[in-house]
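Chains as they are written, first to last, in numbering that gives the first Met the number 0: chain A, 0 to 285; chain B, 0 to 372; chain C, 0 to 281.
Source of the hints: derived by calculation from the structure; they are not laboratory data.
From the three backbone atoms N, C-alpha and C, an ideal C-beta is built for every residue, glycine too.
Each hint should be verified, as a subset may be incorrect.
Claimed, not checked - Here are the in silico distance ranges between beta carbons for each label pair:
#1 A/ARG23 x B/GLU96: 39 to 45 Å
#2 B/GLN190 x C/SER92: 41 to 47 Å
#3 B/LEU221 x C/SER66: 33 to 39 Å
#4 A/ARG23 x B/GLN162: 44 to 50 Å
#5 B/THR193 x A/ARG19: 19 to 25 Å
#6 A/THR95 x B/LEU221: 50 to 56 Å
#7 A/ARG181 x B/GLN190: 21 to 27 Å
Said to hold, decoys possible - Facing chain B, from chain A, some residues (calculated, C-beta under 10 Å):
#8 PHE12
#9 TRP49
#10 GLU234
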Amino acid sequence: MDFQLLQTYNYAFLDEGSKREIRRAALKAVAIPGYQVPFASRELPIGRGWGTGGLQLTLSLIGDGDCLKVIDQGHDDSVNAVSIKKLVQTCTRITTTTDSEQATIIQTRHRIPEVPLRKDQILVLQVPEPEPLRRVEPREKETKRLHAEMDYSSIWLRLYEDIVRWGKITIGPDYPAMANHRYIFNPSPIPRFDLPKLNRAAGLYLFGAGREKKIYAIPPYTDVTPLAFEDYPFETEHFEGCACRLCGSRDTFLDEIYDERTGEKVYQCSDTGNCRKRQEGRHSDE
Amino acid sequence: MGYVAVTGGQAAIETANSLTQWYRLKDSDRSLKVEDIEHQMRQLINRVMGEGGLYAPEYAAIAVKQAEGDPAEAAFLLRAYRSTLARNYYSETIKPEKMRVIRRISSSFKDIPGGQILGPTYDYTHRLLNFDLRDEDHRDALNQILDRLSIDPKHKSEKLTFQKVTDLLRAQGLVGNPDPQEQEPFDMTRQKLTFPASRSARLQALSRGETGAMTALAYSSLRGYGAVHPTIGELRVGYAEVAIAYPYDEKESLYIGEMMLTEVETINSFTLNDDGAITFRLGYGLVFGQNETKAIAMAILEQSLETKGKSPTQDEEFVLLHIDSVEANGFVSHLKLPHYITFQSKLDVLRQSQKISVEKKKNETRDFKGQEV
Amino acid sequence: MSDLTDRPILNVRDLNKRFGRGCVHCRKPEDLPGLSNRCPYCGSVWACIHVSFDLYEGEILGIVGESGSGKSTLVRSLYFDAPVTSGTGEIASFKEGKANIFTESAQQKRYIKNYLMGMVYQNPWLGLKMDFSSGGNIAEKLIAAGNFNVHQIRQRASKLLDHVEIPLTRMDEKPVHFSGGMQQRVQISKALANNPSILLLDEVTTGLDLSVQARVLDLIRRIQRESHTAMIVVSHDLGVIRMLSDRTIVMKQGRFVESGLTDQILEDPHHPYTQLLVQSLL
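Given only the sequences and the hints, what does the whole structure look like? Please build it.
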């Protein structure tokens, strides 16, 4: 279906009124870090739950001169990332890249790139479930009240029960954290490894949940504190003794892969753009 | 390996898209005419327009063709198209009582003024596969039908309008619903649904709901997981005029076309009333096209949400957030996306917990629960 | 009992609570025709009518009456479970006793519920989260009070559970598996988690076996002796009131009909309704 989206549809797909509304919601989100701003999410040509929240933010923010990078699981070539990137490209005049340092906007699902964000960059995260309290309360009316009153003992209780039962907190990805000592938020299903990158970061992090119709933000230099007890501190994923088989990195998030021929467990960087750069750097050093 | 580790996602996607087109056409010698879909797949078109929230039979037909007949996918296509359109006007309130009726029935009263009009319905057909349809000749079939109906297609039939059955009840003071209020409705394409939802928001969400999901929920209420078991006061199908306020003179209105609607008003037991009033309460359903089951389900769910209780259909968030075809289909199908990172993270937690559990068993004496307390 | 000239730790004035929408005939409780607290025109019920009382440090105040008298509504209103229609309430240790607790923000009300007041319901499902461990139920209160150290939380929780005679081996079990008496004791320990100065007890022994009742009542007495927590005990059972309370208020159809020292009320009831109650006890 390669008809010219740019001619058939408005620049960046959405009509200008919709884009403006989404930018307003994003501004409000920046003003209240971690607070979920409701917005009238539009249906997009990709599936609900497939990154429509992030895509609406990207489409509303993007303009000529922007350079876009889209990743899924850290990969530029993941099919959904490619599909999203192509859609944005066909209805705008922007350029794209796989190098996170070249990008002005990076849309991502499940990872934050390894290279720290600069202050002139925006990271847009796709969010499946924006409500951290959904783990303990299914009703929106109720979770809204809990946030308003900062009544967070129920989620803490859930963490306490985890420790009693399993000896540690069992939340893997999408680990809840406190923004600016006020709102508990879901950082989207990034690994715990990526969560500290949000704390007092230089760049702007925007979170879009299309199906749940919420936008929230972690603006630059905001305190982000993962929920943890004093004597059971927050821990990231463990990769002790493992290194990327391609670039040799020991300080990046690694994918666990089973070698097709030998059946052996090997590791390689999940951030493929960064890994490729490191491999190139290594070759030129040699 | 998975479909991420390999590069060349772009090529893979393009191939997949071409294959979809190939599978759509490869076994036939001609392409379906959009016009035929629009006029001969009436029920599917009605359903897709309703769930897509856009009254556009021709576009719905294109969507159905493109989606190879999957109503969820077709409704999704319509919705995605609709989000690119600016909203220029809100129509004036549609008047179903002035509807050009093609079908209207009441299961509450045998004799209703104007009489019961069955119109086009499957209700009384025997569900026997009609093998004659295999080689149906359009003109022959049409002529036979016209003969049977003794209609002259050139003769223009009179316009049928009827007073609404529930207006009769209302006139006798038997109906307790509050009077309608003229106010600009909630617009769920422009505002996020929040809870508690206004009545206008609820009705809109229900009207766009997925037919199957709504039927299932309404069925659960009838079967016992809920309180609502109504009688149908009136079900009518027909064409209603749509008008907008004339931009240069608010008092004038501008006719912009007509749309086919199904309207259902159900009559509910007065014992459901919270305020102790001894009057019937009406349930209301209004949907695009002829989609009677959905309209009835809407009326049931709408009233169910007005009552208090613990059954699923009395929970506003449960009903309204889970009946949307586009959202439900999107989120369930998103599980097909890679979840390698989250799975890796969960794996890590599992391994750590296993380790802790093994250590715990080793040192039963220094059991966690036995900490110095 | 404290000197009555002391300032009360809780004073409630003119508390009114109406259930139902109300109509021209029952806008105020005074408008109601006759003695009933139910409006014959719209069916609204005034469950509490001009209720005023003081609670002093370390005392147990009993409120007795038949079911429907409004006594449970009264304690639940005090614990903000249902908003009052009108009235004032002041707690000495909250904003120097100068704020009406009923008109405070939701956050302030939650603060009062976490730190200043504890509540034990007749139905343990209202007071406990049955899907969480007993220790977790207490932990919730401690966390709300700002304790984020699992070890310390567990130390405090075990002390509280020990106090109400729950074996420590059952600390990590869910109260849903406990007997009724045990559930009540867990509820009491949860209510006491943050050393509140006021404890509200709503028919806490109703529905329990007699021997279990006695044990719970003993426990309440012991807590009152040791911690000097002021308590409001609501019961339809004069036996419970006699055993626990220093002072007693008799309630009927939303109104206080008689109040005084418990012994005095039981031995020399003045109001005919109280006489009836006492007779039925004997």
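Hints, one by one, checked against the model:
Judged by the Cβ atoms, the range 39 to 45 Å given for A/ARG23 and B/GLU96 holds: they are separated by roughly 41 Å. With their beta carbons about 45 Å apart, B/GLN190 and C/SER92 fall inside the hinted range of 41 to 47 Å. For B/LEU221 and C/SER66, the Cβ-Cβ distance of about 36 Å falls inside the hinted range of 33 to 39 Å, so the restraint holds. Range check, A/ARG23 to B/GLN162: about 47 Å between beta-carbon atoms, so the 44 to 50 Å window is met.
Between B/THR193 and A/ARG19 the beta carbon distance is about 21 Å. The supplied range of 19 to 25 Å therefore holds. The supplied range of 50 to 56 Å is met by A/THR95 and B/LEU221, whose beta-carbon atoms lie about 53 Å from each other. One distance hint, 21 to 27 Å for the beta-carbon pair A/ARG181 and B/GLN190, holds here, with the actual separation near 25 Å. Checking A/PHE12 against chain B by beta carbon gives a least distance of about 6 Å; that is within 10 Å, so the hint holds.
Because the closest C-beta pair between A/TRP49 and chain B is about 5 Å apart, less than 10 Å, the hint holds. Taken as an interface hint, A/GLU234 checks out: its beta carbon lies about 8 Å from the nearest beta carbon of chain B, inside 10 Å.
Checked against the numbered hints above, the structure violates none of them.
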